[in-house]
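Protein chains in written order, with the working numbering: chain A, 1 to 249; chain B, 1 to 492.
Hints listed in this document are in silico derivations from the structure and should not be mistaken for laboratory results.
Any given hint could turn out to be false.
[What the hints assert, rightly or not] Distance condition first, Cα-Cα at most 20 Å in a straight line; then the derived SDA-like pairs of lysine to any residue: (1) B:K481 - A:A94; (2) B:K209 - B:A156; (3) A:K230 - A:G243; (4) A:K139 - B:R307; (5) A:K182 - A:P141; (6) B:K378 - B:A156; (7) A:K139 - B:Q480; (8) A:K108 - A:G92; (9) A:K139 - B:N461; (10) B:K357 - B:R391; (11) B:K436 - A:K182; (12) A:K230 - A:N189; (13) A:K108 - B:G484; (14) B:K436 - A:I88; (15) A:K18 - A:I88; (16) A:K108 - B:M473; (17) B:K481 - A:K18; (18) B:K291 - B:D82; (19) B:K276 - B:N335; (20) A:K230 - A:T23; (21) B:K436 - A:P141; (22) B:K363 - B:Y326; (23) A:K139 - B:R465; (24) B:K481 - A:N104; (25) B:K436 - B:S421; (26) A:K139 - A:A101; (27) B:K436 - A:V144; (28) A:K125 - A:I88; (29) B:K368 - B:G395; (30) B:K436 - A:E89; (31) B:K276 - B:E257; (32) B:K436 - A:D52; (33) B:K481 - A:L68; (34) A:K139 - B:K363.
[Claimed, not checked] So, partial list: chain B residues that the calculated Cβ filter (under 8 Å) puts toward chain A: (35) F24; (36) G292; (37) D440; (38) Q441; (39) Y444; (40) L458.
Note that this is a predicted model, so its numbers are computed, not measured.
Just so it is clear, CB atoms sit at the ideal spot from N, CA and C, and this is done for glycine as well.
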Amino acid sequence: MLEIKNLHARIDDREILKGLDLTVNPGEVHAIMGPNGAGKSTLSYILAGKDDYEVTEGEVLLNGVNILEMEPNERATAGLFLAFQYPIEIPGVASMTFLRAALNAHRKARGEGDITTPDFMRLIKDTAAKLNISPEMLKRPVNVGFSGGEKKRNEVMQMALLQPSFAILDETDSGLDIDALKVVADGVNALRSPDRSFVVITHYQRLLNYIVPDFVHVLSAGRIVASGGKELALDLEKNGYAGYVQDAA
Amino acid sequence: MPAVQETIEQVSAIDVDKYKYGFFTEIESELSPKGLNEDIVRYISAKKNEPEWLTEWRLEAFRRWQTMAEPTWARVDYPPIDFQDLHYYAAPKKTPGPKSLDEVDPELLRTYEKLGIPLREQELLAGVEGAAQPRVAVDAVFDSVSVVTTFKKELAKHGVIFCSISEAVREHPELVKKYLGSVVPTTDNYYATLNSAVFSDGSFVYIPKGVRCPMELSTYFRINEKNTGQFERTLIIADEGSYVSYLEGCTAPSRDENQLHAAVVELVALDDAEIKYSTVQNWYPGDAEGKGGIYNFVTKRGDCRGRNSKISWTQVETGSAITWKYPSCILRGDNSRGEFYSIAISNGKQQVDSGTKMIHLGKNTTSKIISKGIAAGKSDNTYRGLVQIGRKATGARNFTNCDSLLIGNKCGAHTVPYIESKNASAVVEHEATTSKISDDQMFYCLSRGLGEEEAIALIVNGFVRDVLQQLPMEFMVETQKLIGISLEGSVG
Numbered sequence: 001m002l003e004i005k006n007l008h009a010r011i012d013d014r015e016i017l018k019g020l021d022l023t024v025n026p027g028e029v030h031a032i033m034g035p036n037g038a039g040k041s042t043l044s045y046i047l048a049g050k051d052d053y054e055v056t057e058g059e060v061l062l063n064g065v066n067i068l069e070m071e072p073n074e075r076a077t078a079g080l081f082l083a084f085q086y087p088i089e090i091p092g093v094a095s096m097t098f099l100r101a102a103l104n105a106h107r108k109a110r111g112e113g114d115i116t117t118p119d120f121m122r123l124i125k126d127t128a129a130k131l132n133i134s135p136e137m138l139k140r141p142v143n144v145g146f147s148g149g150e151k152k153r154n155e156v157m158q159m160a161l162l163q164p165s166f167a168i169l170d171e172t173d174s175g176l177d178i179d180a181l182k183v184v185a186d187g188v189n190a191l192r193s194p195d196r197s198f199v200v201i202t203h204y205q206r207l208l209n210y211i212v213p214d215f216v217h218v219l220s221a222g223r224i225v226a227s228g229g230k231e232l233a234l235d236l237e238k239n240g241y242a243g244y245v246q247d248a249a
Numbered sequence: 001m002p003a004v005q006e007t008i009e010q011v012s013a014i015d016v017d018k019y020k021y022g023f024f025t026e027i028e029s030e031l032s033p034k035g036l037n038e039d040i041v042r043y044i045s046a047k048k049n050e051p052e053w054l055t056e057w058r059l060e061a062f063r064r065w066q067t068m069a070e071p072t073w074a075r076v077d078y079p080p081i082d083f084q085d086l087h088y089y090a091a092p093k094k095t096p097g098p099k100s101l102d103e104v105d106p107e108l109l110r111t112y113e114k115l116g117i118p119l120r121e122q123e124l125l126a127g128v129e130g131a132a133q134p135r136v137a138v139d140a141v142f143d144s145v146s147v148v149t150t151f152k153k154e155l156a157k158h159g160v161i162f163c164s165i166s167e168a169v170r171e172h173p174e175l176v177k178k179y180l181g182s183v184v185p186t187t188d189n190y191y192a193t194l195n196s197a198v199f200s201d202g203s204f205v206y207i208p209k210g211v212r213c214p215m216e217l218s219t220y221f222r223i224n225e226k227n228t229g230q231f232e233r234t235l236i237i238a239d240e241g242s243y244v245s246y247l248e249g250c251t252a253p254s255r256d257e258n259q260l261h262a263a264v265v266e267l268v269a270l271d272d273a274e275i276k277y278s279t280v281q282n283w284y285p286g287d288a289e290g291k292g293g294i295y296n297f298v299t300k301r302g303d304c305r306g307r308n309s310k311i312s313w314t315q316v317e318t319g320s321a322i323t324w325k326y327p328s329c330i331l332r333g334d335n336s337r338g339e340f341y342s343i344a345i346s347n348g349k350q351q352v353d354s355g356t357k358m359i360h361l362g363k364n365t366t367s368k369i370i371s372k373g374i375a376a377g378k379s380d381n382t383y384r385g386l387v388q389i390g391r392k393a394t395g396a397r398n399f400t401n402c403d404s405l406l407i408g409n410k411c412g413a414h415t416v417p418y419i420e421s422k423n424a425s426a427v428v429e430h431e432a433t434t435s436k437i438s439d440d441q442m443f444y445c446l447s448r449g450l451g452e453e454e455a456i457a458l459i460v461n462g463f464v465r466d467v468l469q470q471l472p473m474e475f476m477v478e479t480q481k482l483i484g485i486s487l488e489g490s491v492g
């Protein structure tokens, strides 16, 4: 379970998060919505451990441990996963190689040896089939020349392989057509379980028709300004963020 | 601490401990007196029982060398070398020449075992039952002499000659006389001329007409003695319609003093012949402060003498304090093809000035240059290349791609391409990029659980993939690991 307490963070001299609180219990799916510049992506990067941000106050506990003290790779092997809004290209490194390296890093952290080639191939084949990913795509370099849909499916594929206990999906719906959206959402739904929780960051209510959240929060000017059930997303879709932004100001 | 920053610090802290071939073998050696003069040249020639013509050939080179000046155009910086303070010949006692394996000093065999070089043919053959075990014939050169060459008998069945150059001088004088110095003349350059005067050992390969060499050939060079220079000489001749793939590897003990390695490699490809020459150079690079390490001043050149011939150089350069090396192709035969694939990694205070020359003389000659330079620590990494299209080289084509990758902000990458075209029909393309490992790439890898060093090794291996694929399969995996070790502070 994840607890964010009074989180303040800035980049350069600009304060972006101004006392954010959020508790996500095991098995829950929380959606975070909000206008541009509210701090949604900042939150996801801070949770994953990107350098550019400075946390000035507050703490983030993953299963009781303050992850803000940990390196990004330690957070990953502790069970945290970030599906990137803009997945990064790594030229020359086949997706397969990358997946295997990531998987082995997790196994190593658990004190297990490297996965055998036959086991890995089987795992990849099964996972790829569920996400409608062609084996050809996995031979190509990581995210290089991938379409928007391929990149996002690749993120979900990594998540499915690494089996995190807590996953953040940062605008996973951006740039997806409706078919790709369904595939990605199905992939996420297949991973829902009582001991795995999700934070889904999105602009649009549309995604939440497919990944149905337990809670919806509105993030504005660095704080959660409203929380509710999935009906809150419908209200936002209809009436926009205007009312909430004013509240925050 | 920013992830990349920390990695840079780890990388710059790399030191001797990471160089796992730095041990010294206690073995009794026979050394020439220090210094260089005509008597030393005669001494070396006499040690090798050379015929008169070769002694004269060496002396002529020596006299020429005395009139020459050390080249200074390369982007490398080092204190003047005292050429009189070196031993020009060092050989383990008891092994006057390559004989059967049983006669080789067991201490030497243990050295090669430790280096991971298989010299016992039966061990090579006793691989996994039923599996097609790749076989590699090895010529092992220890300081100035070749100690053993494997698979000679089997190769002889195909008419392939693979032996030390000293043996070739004795057994195949007509071939040596015809081709030695025909690609790199004794007057070529300062270090090549020095090599011609004092060359010790190296490999000789002759592939007869129409023969596809049945296995990989390789030479493993080891510098062991202190205060010595290694001056190897390699000559490979691929007769009409033949094919050979050859690999060389090199290591040396870790020492505080610099050591000189000035080799000459000559390749000759006749009509329709193909030579694929791969190098994995891992000489001792010196410590993090730049103390010690090998000065690697090498002249390598291939002559595509025949029509439709092809010479391909692949090099992985991770070692040496200074590398000065430009494996080149003279594309003399019509339709001949030259290729140069290079990975040059510099770390610590290493200096690399390396590249190639593609000299297009024949019609419809083509060349391709793919160079990947990776600079880390406080190192300097320069690509220097020449593409020259002669007047008669109608229809010549060249494609060059030079990519540099910087790790950290204390290193330098430089690209110095020269293009000279005297034929209007020639097409010469040049692409170059310089990039850094981005923080985003590092963060992406880290967020998937990879450690910083694993991430760097993964990204760099991706960067050099086009070139890695050119290496013989057996060496690809090893090389990938070597790249990791060369760049990482705490792996290995």
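We went through each hint and held it up to the structure:
Proposed proximity of K481 of chain B and A94 of chain A is supported: the alpha carbons are some 17 Å apart, at most 20 Å. A threshold of 20 Å between alpha carbons decides the hint, and for K209 of chain B with A156 of chain B the separation of about 14 Å falls inside it, so the pair holds. Distance restraint check for K230 of chain A and G243 of chain A: the Cα-Cα separation of roughly 18 Å lies within the 20 Å cut-off, and the hinted pair is therefore satisfied. The suggested pairing of K139 of chain A with R307 of chain B is violated, with an alpha-carbon distance near 38 Å, which exceeds 20 Å.
Restraint check for K182 of chain A and P141 of chain A: not satisfied, since their Cα atoms lie roughly 25 Å apart, outside the 20 Å limit. Taking the CA atoms of K378 of chain B and A156 of chain B, the gap is near 48 Å; set against the 20 Å cutoff, the hint is violated. Between the alpha carbons of K139 of chain A and Q480 of chain B the distance comes to roughly 18 Å, so the proposed pair stays at or under 20 Å and holds. Between K108 of chain A and G92 of chain A, the direct Cα distance comes to roughly 24 Å. Violation of the 20 Å bound is thereby established for this hinted pair.
For the suggested pair K139 of chain A and N461 of chain B, the alpha carbons sit about 15 Å apart, so the restraint of at most 20 Å is met. Proposed proximity of K357 of chain B and R391 of chain B is supported: the alpha carbons are some 17 Å apart, at most 20 Å. A threshold of 20 Å between alpha carbons decides the hint, and for K436 of chain B with K182 of chain A the separation of about 37 Å lies outside it, so the pair is violated. Between K230 of chain A and N189 of chain A the CA atoms are separated by roughly 16 Å; this keeps the pair inside 20 Å, and the hint holds.
Distance hint between K108 of chain A and G484 of chain B is fulfilled; the C-alpha atoms sit about 18 Å from each other, no more than 20 Å. Between K436 of chain B and I88 of chain A the alpha-carbon distance is near 14 Å, which keeps this suggested pair within the 20 Å criterion. Between the alpha carbons of K18 of chain A and I88 of chain A the distance comes to roughly 28 Å, so the proposed pair goes past 20 Å and is violated. With a CA separation close to 28 Å, the supplied pair K108 of chain A and M473 of chain B exceeds the 20 Å bound.
A threshold of 20 Å between alpha carbons decides the hint, and for K481 of chain B with K18 of chain A the separation of about 46 Å lies outside it, so the pair is violated. Only pairs whose Cα atoms come within 20 Å are accepted, and K291 of chain B paired with D82 of chain B is accepted, the gap being roughly 17 Å. In summary, the hint linking K276 of chain B to N335 of chain B is supported, as the alpha carbons are separated by about 17 Å, within the 20 Å threshold. Between K230 of chain A and T23 of chain A the alpha-carbon distance is near 17 Å, which keeps this suggested pair within the 20 Å criterion.
With a C-alpha separation of about 18 Å, the suggested pair K436 of chain B and P141 of chain A falls inside the 20 Å cut-off, and the hint holds. Of the pairs offered as hints, the one joining K363 of chain B and Y326 of chain B is violated, with about 23 Å between alpha carbons and a cut-off of 20 Å exceeded. With a C-alpha separation of about 13 Å, the suggested pairing of K139 of chain A with R465 of chain B holds against the 20 Å cut-off. The suggested pairing of K481 of chain B with N104 of chain A holds, with an alpha-carbon distance near 16 Å, which does not exceed 20 Å.
Restraint check: the Cα-Cα separation between K436 of chain B and S421 of chain B comes to about 33 Å, which exceeds 20 Å; the hinted pair is violated. Our distance criterion of 20 Å between C-alpha atoms is met by K139 of chain A and A101 of chain A, whose separation comes to about 14 Å. A hinted pair counts as satisfied when its Cα atoms are at most 20 Å apart, and K436 of chain B with V144 of chain A qualifies at roughly 17 Å. Between K125 of chain A and I88 of chain A, the direct Cα distance comes to roughly 23 Å. Violation of the 20 Å bound is thereby established for this hinted pair.
For the suggested pair K368 of chain B and G395 of chain B, the alpha carbons sit about 15 Å apart, so the restraint of at most 20 Å is met. Using a Cα cut-off of 20 Å, the hinted pair K436 of chain B and E89 of chain A holds, with the two alpha carbons roughly 14 Å apart. With a C-alpha separation of about 34 Å, the suggested pairing of K276 of chain B with E257 of chain B is violated against the 20 Å cut-off. Of the pairs offered as hints, the one joining K436 of chain B and D52 of chain A holds, with about 17 Å between alpha carbons and a cut-off of 20 Å not exceeded.
Note on K481 of chain B and L68 of chain A: the hinted pairing is violated, with a Cα-Cα distance of about 33 Å set against a maximum of 20 Å. Taking the CA atoms of K139 of chain A and K363 of chain B, the gap is about 39 Å. The hint is violated against a cut of 20 Å. Interface restraint check for F24 of chain B: the shortest CB-CB distance to chain A comes to about 35 Å, outside 8 Å, so the restraint is violated. At its closest, the beta carbon of G292 of chain B sits 33 Å from a beta carbon of chain A; the interface hint therefore is violated under the 8 Å criterion.
This hint holds: D440 of chain B has a C-beta 5 Å from the nearest C-beta of chain A, less than the 8 Å allowed. Given the 8 Å rule on beta carbons, the hint for Q441 of chain B holds: about 6 Å separates it from the nearest Cβ of chain A. Because the beta carbon of Y444 of chain B sits about 4 Å from the nearest beta carbon in chain A, less than 8 Å, this interface hint is met. Below 8 Å, beta-carbon pairs count as interface contacts, and L458 of chain B has one with chain A at about 6 Å; its hint therefore holds.
When each numbered hint is compared with the structure, violations occur for hints 4, 5, 6, 8, 11, 15, 16, 17, 22, 25, 28, 31, 33, 34, 35 and 36.
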